[in-house]
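There are 2 protein chains.
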Amino acid sequence: MHKVVEHGTKSLITSRIKRPSLLSKVITDPNHLIPYFQNGQYIGWSGFAGTNYPKVTPIALADHVEKNSLQSKLKFNLFVGASTGPETEGRWAALDMIERRYPHQSDSSVRKGINTGNIKFADEHLSIYANDLLYGYYTLKKEKGDKRKLDIAIIEATEITEEGYIIPGASVGITPEILQMADKVIIEINTSLPSFKGVHDLVKHDPPPFTKPYQLTRVDDRIGVEAFPIDPEKILAIVESQLPDNTSDPAPEDEKSNAIAHHIVEFFKAEIEAGRMPKNLHPIQSGIGSIANAVIGGLSRGPFENINVWTEVIQDTFLDFFDNGKLNFASATSLRFSPSGFNRLFNNWDNYVNKMVLRNQAISNSAELIRRLGVIALNTPVEFDIYGHINSTCVDGSKMLNGIGGSGEFLRNSKLSIVHAPSTRPTKSDPHGISTVVPFASHIDHSEHDVDIYVTEQGLADVRGLDPIERAKVIIEKCAHPIYKPILKEYLETSTQICLKKGAAHEPHQLDKAFKFYTNLVEKGTMRFDKW
Amino acid sequence: MHKVVEHGTKSLITSRIKRPSLLSKVITDPNHLIPYFQNGQYIGWSGFAGTNYPKVTPIALADHVEKNSLQSKLKFNLFVGASTGPETEGRWAALDMIERRYPHQSDSSVRKGINTGNIKFADEHLSIYANDLLYGYYTLKKEKGDKRKLDIAIIEATEITEEGYIIPGASVGITPEILQMADKVIIEINTSLPSFKGVHDLVKHDPPPFTKPYQLTRVDDRIGVEAFPIDPEKILAIVESQLPDNTSDPAPEDEKSNAIAHHIVEFFKAEIEAGRMPKNLHPIQSGIGSIANAVIGGLSRGPFENINVWTEVIQDTFLDFFDNGKLNFASATSLRFSPSGFNRLFNNWDNYVNKMVLRNQAISNSAELIRRLGVIALNTPVEFDIYGHINSTCVDGSKMLNGIGGSGEFLRNSKLSIVHAPSTRPTKSDPHGISTVVPFASHIDHSEHDVDIYVTEQGLADVRGLDPIERAKVIIEKCAHPIYKPILKEYLETSTQICLKKGAAHEPHQLDKAFKFYTNLVEKGTMRFDKW
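So the sequence lines, in the order shown, correspond to chains B and C.
To convert, note that position 464 of the first sequence is 464 in our numbering; the numbers rise steadily by one, no gaps.
To convert, note that position 203 of the second sequence is 203 in our numbering; the numbers rise steadily by one, no gaps.
Bound conformation, chain B alone (with noise of 0.2 Å):
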C-alpha cells in the first residue's frame, strides 16, 4: 500500500525533488509568478480531462486579473490536452482571460465563451493535435517571439528525479510536447498526491523525418521513459500545490445505457463464435459518461475473461473491473477518478498499479497503434444520420458541445469502430422531441467511411460490408426510435425514387427537406411532424 502523504508542511515539496540544484527555482508565493505573463501570450498546460491540470498559478493570475480589474486586458492562447477544472480554465473563460483555447473542453463558461464568439476555439484529433502543436502550427500567428514555442508552460507533477526529470500525475495529455516546445516552465509540485513515478511511459516525438516506428505491439509495452527530461534553463520556478483534481462522480447507469450495453454484449459473443474477435475480445476504447460506464459495467458482468483495455480515459468503473479479475490491463493517457475512486486507487496503489499505464495523447490516440492492436471503439455521438455521418461536436449544426477528442482517431482506426446512444432525448415540449437517427446530420465529424455498428436501446446495426441504401434501412429498423421511423423511412423512400429518376441514387438525399428536423425543432420544439 502507498502512502498518502501528509499535507502543509515545508518538507513535502523538497522530498519530492531529488535533483539539489532545483531546490534553489521553488518559491512560495505564486503571485511572484505574475510578471512573468503578458497579454496575448502563447501558454500550455498539462492536464487531461480534468486531472493532472495546474492549479496554483492558474488561480493565482485569476485572482490578480480580479483585483486589478483586468477582465479582457491580460487573455492568454491556452493549450491543453484536453479538458482541466472549473476553477482554472472555467474562471480564466469567465474572467475574460481565454483568447483561444485548443482542442477540447468540457466546462460550462468555457463552453459559453466559445458559443457566444469570445473565446477562439478548434477542436482536433487528439494525437494529431499533439503532434501539429510541436511542428508550430498552432504557434504560426504568434506575434511575438519564436513562431514555434509555446511562450509559457505550466505543469504539475508529484516527483522530480535526481536527473531533473518529471514524473507527471494522474495524466500525460501533451505534457511531454509542451515541455520540448516551451520557452519557459513552471511546475507545480502537487504534494497532496503520491509520486506517480513508474505509472508513465513517456515519448518525445521527434518530427517527420526523423520519426521512427512506435514498438508497441501490447497494451502493456513499455516504449518510452517513466519520467521526462526538461532543460533546467527552462524552469522559471517550482512551486508547491495541495489542491486536488476537481473530479465529480461517474455518470450513473440507467435503464437505456443498460439495453445499449446488453446489445453490445451480445453482438461481442456472436463475433467470437463467428471466429472474427479473440476470446478475451480485442482492446477496448471507452468514452465517458453514463453509457460508456453501462459498457464497462456489461463488460465485467459478461463470460468475457482477461480483457485488455487501450483508451484515453481510465474511470472509477474500471476499479470495479480490475477487482473482479477480468480486466487484465489498461492503457490510458489519464486517470480520471472521483474523489473516492482516487482513495480506491491511492488505498491499494500496489494492486493497481502494475496494471496500468498511462501515456503520450499523441500515443494513447495514434491511429498507428489503435490499427495495429485492433482496438474496439465505443463512442457517444450528438447524432447520427440514416447513411452513418455522424455528428461528435456541434447541436444543431453551430453549437459546441465539447470538442472532437479522441473519437475520429479511435472510430477511423479501430478493428470494430461502434457507436451508442439513446435513439431520442427530451425537448422542453416532448419527452422524444430530438431524434438520435436523422435524415442528415446538422454536423458531420466522422463519415460513413469510419464506422461498423451503430446501437441504441432500440436495437443494434451491424452495418459492415452494406452500401448505403442497405445502411440506412438497417439503423432505421434496428436504431431510430418508433416515433421516428415512419419519418425517416419516408424520407428515404421518397429521395430514393426521386434520385433513381435524375440517375444519381447512390445516396438518395432531398436536399431542399434533408435539415428539416432542425427547422421543425427550433420552429414547434419538437423533430416530429406529419408531414414531409
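In silico SDA-like cross-links for lysine to any residue, where the CA-CA straight-line distance does not exceed 20 Å: (1) B:501 to B:512; (2) B:147 to C:276; (3) C:524 to B:510; (4) B:516 to C:510; (5) B:120 to C:476; (6) C:355 to C:329; (7) B:149 to B:99; (8) C:112 to B:500; (9) C:147 to B:270; (10) B:120 to C:469; (11) B:141 to C:478; (12) B:141 to C:274; (13) C:73 to C:112; (14) B:513 to C:532; (15) B:141 to C:477; (16) B:147 to C:271; (17) C:279 to B:209; (18) B:516 to C:532; (19) B:147 to C:275; (20) B:489 to B:474; (21) C:142 to B:474; (22) B:502 to C:109; (23) B:120 to C:473; (24) B:513 to B:490; (25) C:513 to B:522; (26) C:326 to C:350; (27) C:485 to C:497; (28) B:112 to C:497; (29) B:524 to B:429; (30) C:212 to B:218; (31) B:516 to C:516; (32) B:269 to B:301; (33) B:144 to C:464.
Just some of the chain C residues that point at chain B, by a computed CB distance under 7 Å: (34) 115; (35) 122; (36) 400; (37) 447; (38) 507.
Read the hints as simulated data drawn from the structure, not as lab findings.
Cβ atoms here follow ideal geometry from the backbone N, Cα and C, with glycine treated the same way.
Put chain C on the given structure of chain B with help from the hints.
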C-alpha cells in the same frame, strides 16, 4: 535496357513459370473456366488505377453472358483494390453482371449502375478496406461457403517464381490480401509485359492481435518480399494474357491548374524558409488529373531537389520528374502510365526501376506510414465548404463519382494536407454555374479537422490553427470565385449574427438555407443568386 518480350509463341508463358509442377495448371482456352463461376459468388480481382487487372477470364465470362443471354442471371460480388478497365468491369456492368462492387471505380458503366440502383457500391478508405476484407467484414452476408473467404480470385501476374510465388505487374492493390483469403485462384500471366520482378515490396497482413509494426522509415525501405506466396492447391488454372492495360493519356495541364500549382510552390518555399519543412520537402502524395499533373510539373520546374514521393499512383509526369534528376524515389501501389509512358518505362527499364517500388495499398495508404513519413497530401475534391468540410465523392450529395479512394487516409494523416480545385465549374447555362466553395458541403467525406490548406486558381487559404469563423473568412477570401464571394460572405455574416443571439456561434449556420446553392442549381441551372 529491359527487353520487351515477343508475342504469340507458346513458350512465352512457360518461360514465366519457373516452378515446373505448376506448368500442369496452364490452360489455353479460358472458356474452360466458365463452369467454376456461379451466380452470387464473391470474386476478387487484382488491379489498381487501371493497371494489372485480369482481362482474359473476365472477358471470356462477359462473352459467355452475352452469347447465352445471361444478363442479370450471372452476377458477382466484385472486390478490387480500385479501378480496372472498361473492357472488363465496364463491360460486366453493362451486361448486368455486377451485384456489388467495392470500394472504388472510375468507369462510366459501373458509375451508371451504381447511381441507378443496379450495383451495390460502398466506398471505403483503401487501406482499411484491405484489412477489413481480410477480417471478413465484406463477406459477412455470403450465403454459400466460408463467410471469411472470397470464392475466386483472378489476378494478373508477370511471373511465377521457382518457389511458386507470384510476381504481379504494374500494380499491387489488394493482390496479397485476396491471395491470402481466396478459396480458389486463377492466374493470368501477361506475357506482353516484361517480368516486374524486383519492383514490388509485398507484405502479408497478420490481423490483430498479431499485427507488427511496419519497420519502414524511408520511402525506399523494403519490409516485404518481391514475390507473394500462394498455396498451390488453391490455383484453379494459369492462363496466358497478352492484352494491354487500357490506359489513356494523362490530363493536360491548363491555365487554372498551373495557377494552383504556382500557389502551392510559393507556399512550399515559405514553409521551408520558416523552418517547418526540409529543403527537399516531405514525401509527396499526388492524385490523378490535370491539377495533380500541373503540381508535379510545377515541382519539377521548381527550386526543390531530391524530392521523394509516397503516393498511390505513379503517372507519366513522374517520368519527366525522374529524367530531370529532381525526383529521388517514388513509392506507390500502381504504375498507371499511358501506352507511350509504358513504352518509355520498358525502354529505359534499368534507369527507372531502381527508383521506385510498388506496395500493397494497405501499405501505401497506411495511416501509420503516412504519419511517420510526414507526407504532404495533395488531393482534388468535388467541393468544400466555408468551414473546410470536404466532399470527395457524391455530386449534389447523392450521385457517386468514383469513391473516396485514398483521399481520407492521406488528408487525415499527412503532416500537411492540401486540397486543390478550380473555384468554379461550368453548367450548361453558366460558365461559373457551380462554385467549389459552398456554405455547407452536400456530402462530407473529410471534416474540418483533416485539412490544412485549400487552394483554387484564386489563391491559397492556410487555415492551420484557425477557428471555424476565421477559417471561413480566409477560405472565402482566398479561394472563392469573385462571383460567389459576396454571396458566401453574406451567408457567414448573417449566420454569425443569428447564432450569436442564440449563444450557438461556434460554427454558424442557417440550416434552412445551408443547401440553397444546390436547390438554386436544380431550379435555375446555376448556384449563383441575388438574394439569400
